[in-house]
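Novice: Take a look at the letters that make up each chain.
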Amino acid sequence: MRILVLTKSVPDLVEELVLDEDSGELLHDEMTYVPSEWDDHAVEEALLIKEDSNADVTVLAVDTGDVDNMLFTALAKGADRAIKLQGDFDLSTSNRKRAQAIAHYVKENPYDLILSGVQAIDDIDGQIPAMVAGLLGMPHASVVTDVRLDGDRVHFHQEYGGGLQAELASQTPVVLGIQAARKPPRYASIAKVRQMMKSSVLEEVEVAVEEVPELEIRRFFKPVAAGHAEMIDGDAEEVAERIVSILKERNLVRG
Amino acid sequence: MALRDVLMAATIIMFVAAGAIFSRRFWNIYQVMKKSRPTNRSDRLGERLTSTFIQVFAHKRMLKIRYSGVLHLFIFSGFVVLLIDVVGSILQLFVAGFSIGPVLGMIVDIWVCLVLIGVVMAIYQRAVIKPERYHGSDETDGYIILGMITMIVIGIAIHESFYPYAAIPVFGVKSAPIGAMEFLAYGLSHLWATLGWTAPRAASIGYAVGYAMDILVIWIFLAYLPYSKHLHVFLAIPNIFVRKMRPPGELVPSPVPEEGIAIRSFGDLSWKDVMDLYTCTECGRCQAVCPAHAAGQALSPKMIILELREALKKELAGGEPIPLAGGVVSQEELWACTTCGACMEACPVFIEHVPKIVGMRAALLEDGEIDKSAQKVLVGWDRQGNSFGQPLKKRPQWTKGLDVAIKDARREPVDWLWFVGDFASYDPRLQDLTRLVAQLLQRAEVDFGILYDGESNSGNDALRIGEFGLFEALAQKNLAKLEEAQYNMIFTTDPHSLNALKNEYVKYGFDRPVKHYTEAFVDLIEGGKFDLKPLGIRATYHDPCYLGRWNRIFDAPRELIKRVGVDLVEMPRHGENSFCCGAGGGRIWMEEVGIKERPADQRIKEALTLEGVTHFVVACPKDVAMFTAAVASTGNEGRLRVVDVAELLAEAAGLGIPDKLVATR
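So the protein lines, in turn, are chains A and B. Throughout the first sequence, residue numbering follows the numbering used here, covering 4 to 258 in sequence. Throughout the second sequence, residue numbering follows the numbering used here, covering 181 to 845 in sequence.
FYI, nobody ran anything at the bench for these hints, they're computed from the structure. All clues stand as given, with none of them false.
Cross-link-like lysine-lysine pairs, in silico, BS3-like; alpha carbons within 30 Å at most:
hint : chain 1 : residue 1 : chain 2 : residue 2
1    : A       : 186       : B       : 556
2    : B       : 556       : A       : 225
3    : B       : 661       : B       : 573
4    : B       : 661       : B       : 580
5    : B       : 215       : A       : 201
6    : A       : 186       : B       : 552
7    : A       : 110       : A       : 100
8    : A       : 53        : B       : 552
9    : A       : 201       : B       : 657
10   : B       : 574       : B       : 556
11   : A       : 201       : B       : 556
12   : A       : 186       : B       : 776
13   : B       : 556       : B       : 776
14   : A       : 225       : B       : 574
15   : A       : 53        : A       : 186
Using the sequences and the hints, build the whole thing.
Specialist: So this is what it looks like as structure tokens:
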């Protein structure tokens, strides 16, 4: 069983996003990038599957300029190979274009199971796994947990609203968007990552991506702080009355 | 065959057999030590010799527990003195008519009595007092040895007292009667006469039995020792001699093993670590002082040593090697350690527990196993250089509330460079305190500065979690910034930073003077920089592990407390015997697994036993956080207030203290 894990780096939200106030562009080069949290879970789930059933795990990242450390970290955690897709990419490359690049690569290099984080902070609607599956014509499920192999079939859980969960199975190949790994992602010690940098190489694969339809972002705005919360004092009656009057003031209720 | 020939033959045969068993065992241990990592233990020879002498002959650490120390001193000195008897008795057997003389004979008799008193005390301790520290030790082994010692010393008295009557039948020489100086043999020989046991046959049997109990049991003892905890008879003195003489706070000395600090198998231990295992006497003094053990957690430093020793014995006997970290020693045990060093301070034979624990933690960490909250902190240190998950840029934000701006030591030369540390910089509960320290420095007209967002966590705790690579990365970052700055001295409020700067950065060539704020403030007071008004309160002081035990700074904080007119009352456990707050070694970020009573809560209760003490003085930002929480959780808010020494100084110096701080009045 060959597993491919799609990983990407995202701006570190601990630090502030840097915006050019005039043009409204994100200044990618001035921000710190870290591995996407959900991709960490996808890597962990792949490694757990590997421990269960002897699969071969490859991690992949589109080379946006700062992905080496992320890939070496995945190798330090136990991934078997790491692929860097090279081409005309940078930190601002859209998810649509990234998906296209990944699809091109997978067409040439088939895998049985493709995992990705269900979403990323710059891909909140989780487009990457769905688009990759769509471009490749593969089955796909997102918001997935607990992936297990059973012969050439893959069993997994999918979360629904209202606390419902389904147990699904699929033939391979399949693309899954991982919500959370069975265990919290393991730690890769700095020494081990350094050791990987010395002892292993990232495979660089050149991919050419044609023009793809993309969203055009006109500009970003920083969120504006709009006043403070109002604390409502008084007994239940008074509080309820005040809430109703606020809702009425804002035209949020009729009557 | 004559009785003398039988005894001579038995002496020789048993000596050879015991010697062979003994040497073989030592050879095996030597082989393990030969294959382990190097460590330099031949530095500072003079000091080594003196301290070995103090520890061995004056029993310095042993006497910390008076009762055990005294009984051990009786038995130990007996071993030394009774060597006279061993030589004398053997010579007497082989050289007819030999005698050690009345003076040496009297000395032997005195020590026979002292050893017997020691043995009785030891049995009373094991059987009646039953200290908790023995829990987990091999008690049978203890009793076997005590039994053998009893037999040996009684044997001495018996064969000595029968000798005058047995001299002719056994040796064919005449012996003078025993003089009163050899009081024990003298008394017993009169007893035998009264009992009518002086005829040749009875006297010969009496002599032979006594000799066998003495010399022959000694040979059995020799063969048994290397398989029991009593190997310390031979290894304790060498182990004390090869103790660590470098600064106590330096966990990883240079050169760092190329393969890293992780301890996975016995080959990853240093030869001193291996020697430690065989030297352990199972006395449990480490267990008795361990905060994790006291809290009810899985850890006992003694059991770690014993588990390792058992596993090594099994491996030497041909057993399949078991991974040390997480196998021989469980993860729960390893992560429970606060690296407070109380175990190492208590160990009479200078076993080094903490480096072994951290080495095994490093092995777990390399396999990705670590408490998830602590993992977040490691990632935070790697990305933002702090444990609070806060942006790097916010590190100097605490300076915002000050009237006078603080110099940026990266841009202009300063006299004192203040290394602030994570907690003092980021913890909202502590920022007022940090500002107060700044105001004190400004009041004393000290020319000081900070590194602003150029400072990263010192890496002290990262290293103690077992993450050497991260420690190194943090150290390099700080060293690069320190390189840029111009200063005469580093000043720090945080004992953990102090320890790293003072002891762990040495391996990268850093050797600038570093002072804790308590030391620096005492200097300022001496220099007349503050006009102090006595506070007139009664307080106790908690020694932070990384200030006291690991850096031996005990006096400065006490001096400071006295200078501000505080009546200082010591807790039972103070100075080098201080009891950890439970936060060190990364514990502050880890989940509290299996804790029945937090060490900090126990400490607050200890302070409350002191009459009239209203204030609990600390000198470490983590302690402020830990003990304020402990006072609250034990419901003692009205009775005891946690204050930092800086607050006391500020109050005495007449600086306004912000309301949020725990004021002294």
